[in-house]
Amino acid sequence: MTLDLTNIRADFPILSRKVNGQPLVYLDNAATSQTPKQVIDVIADYYKRYNANIHRGVHTLSQEATDKFEEARKTVQDHFGIEKTHEIIFTPGTTHSINLVAFGFGSLLKTGDEVIVSALEHHANIVPWQMMCERSGAILRVIPMTDAGTLDMKAYDKLLNDKTKLIFVNHVSNALGTINPIEEIIEKAHAIGAAVLVDGAQACGHIKPNLQKLNVDFYTVSAHKLCGPTGVGILYGKEHWLKKLPPYQGGGEMIDEVTFEKTTYADLPHKFEAGTPNICGGIAFGAALNYMNAVGFEAIGAYEDELLKNATDRLSKIEGLRIYGESERKTAVISFNIDDIHPYDIGTLLDKMGIAVRTGHHCAQPIMDYYKIPGTVRASFAFYNTLEEVDQFVNGVQRATDMLR
Amino acid sequence: MTVKQVQNEIIEEFSLFDDWMQRYEYMIELGKSLPLIDTQYKTDQNIIKGCQSKVWVHADMVDEKVIFTADSDAIITKGIIAILIRTFSNHSPKEILEANTNFIDQIGLKEHLSPTRANGLVSMIKQLKLYALAYQTQLN
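Chains as they are written, first to last, in our numbering: chain C, 375 to 779; chain R, 50 to 189.
I should point out that these hints are in silico values taken from the structure, not numbers from a laboratory. Take the hints with a grain of salt, since some may be wrong.
Within a straight-line C-alpha distance of at most 25 Å, the following computed SDA-like cross-link-like pairs (lysine to any residue) qualify [unchecked claim]:
#1 R/LYS159 / C/ARG773
#2 R/LYS81 / C/ARG779
#3 R/LYS91 / R/ILE60
#4 R/LYS103 / C/PHE634
Pulled from the structure, derived: some chain R residues nowhere near chain C, Cβ distances all over 10 Å [stated by the list, open to error]:
#5 MET70
#6 THR88
#7 SER141
On a predicted model such as this, the values are computed, not experimentally measured, just so you know. Heads up, the beta-carbon is just placed ideally off N, CA and C, and yes, glycines get one too.
Next up, chain C with everything else stripped away, as it sits in the complex (with noise of 0.2 Å):
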């Protein structure tokens, strides 16, 4: 099955519109994914036709927009392979998601418990864990980086032991584009009775993971970063876990009875769900999830490792230029430097070429120091890009470089 471009990029508005006079190309698909006008109709539906907040409300708008959101919910577990409605957690994006469980998880360790996390993590699956072992005295191990940008899974065979209680681990590297062994990750963690948690904002634009199938713990995503808008997002958790996982923000909507003695809390989802949550955000993140199934996520993995290959081909040949990661399993994610040549630089010049590439440590600074860096252009593909706008950006950089040298 091949991709219909030119329809696709159709439903991009924002595709037609120039960047300092120039077509924009858009290679920050890993920071941010555009959206689709069917996604933007939805939003602008909601709020022209059933605003309202949800779950407690007699009125036919309350009861119209309980009803999408929740249908939204279904998707998702339609499109995750979830087995249960209620293990699915609406957040405001990974970040809050990994930060709930790590404030959950913290209560249920003790000193000397170890957890373990890889070196090619973003900081928001590194910093709630510290902030949870400086809580609860458990102690963080690393699972170390290879040049090649993948991980010592050899290493991480010894790190194992009947004192590790969970695994936190991103499915692709955001920084690198490389997608970890999960499957191997989670089987080994399961065997001696640790829990994993998988960080998907990077995987989730680019694979479909059956997560029943994944017999994951915890798998996290962000809306944005597959056609969705920003601020929204779930937390998966596999419902013993979210059972014995304590609240993790108090508020409305998360309470069973509410006395000033004591107060007893609500049934998942709602206990994780405190307060108003963004309605309009997880009907969209539905309508997301129904766009980018309707392209198809096998049609787009196999469209972007030609983007991918194509883009390194060509890159490779520009003189001086290193790229950073080079795993043979990566989504369509180059990370490069030219020679000493500051990435800053590149960018800058790109921007003005109409070129948009993300610049910089990435979010991810202890892959940065592990190759002694003080970071990379990263130019990150989505399904809507195409061969011609590779063609731009080996120019582009080719151009840059001339300029810069």
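With chain C held as given, fit chain R onto it using these hints.
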């Protein structure tokens, strides 16, 4: 020359360019000619932290005029620093404190001095003024 005169001179130089490429090529040239900070002052203490490019600044007072030297690890940032230092350096603390950077708009580099831009330049201007303020206090 007054600060204003130097700024007008820079505006005139930039008015010769037709497009962004020429402007940036010139800025890169300027970056390469920036009066570099002495290595002994290129310390972590003198770093002005932007999000991405590092910027170092040092100030001296000679004959009641402030002399700035600086460096950055990004060349375009260095170019803008060169422009700023050319306008601020070699003036009295009072002149520096009264000077503004509005001329940057007129040479088509406005975006680089936006407070949300992650290049450390806005903090650098603040630091230049702080040095001037400190020297002004000494003179009083």
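Can the restraint linking R/LYS91 and R/ILE60 be considered satisfied, given a maximum Cα separation of 25 Å?
With Cα atoms ~30 Å apart, R/LYS91 and R/ILE60 exceed 25 Å; violated.
R/LYS103 and C/PHE634: Cα distance at most 25 Å?
violated, 53 Å
For the pair supplied as a hint, R/LYS81 and C/ARG779, confirm whether the alpha-carbon distance does not exceed 25 Å.
Given that 25 Å is the threshold and the Cα spacing comes to 11 Å, the pair holds.
Distal placement of R/THR88 relative to chain C, Cβ over 10 Å:
Per Cβ check, R/THR88 is outside 10 Å of chain C; nearest 18 Å; holds.
Chain C versus R/SER141 - minimum CB to CB distance exceeding 10 Å, so not interface:
Holds: least Cβ distance 33 Å, greater than 10 Å.
R/MET70: least C-beta distance to chain C exceeds 10 Å?
violated, 7 Å
Restraint status (C-alpha distance of R/LYS159 to C/ARG773 at most 25 Å):
Given pair R/LYS159, C/ARG773 holds - Cα atoms ~23 Å apart, limit 25 Å.
Going down the numbered hints, you'll see the structure goes against 3, 4, 5, while the others check out.
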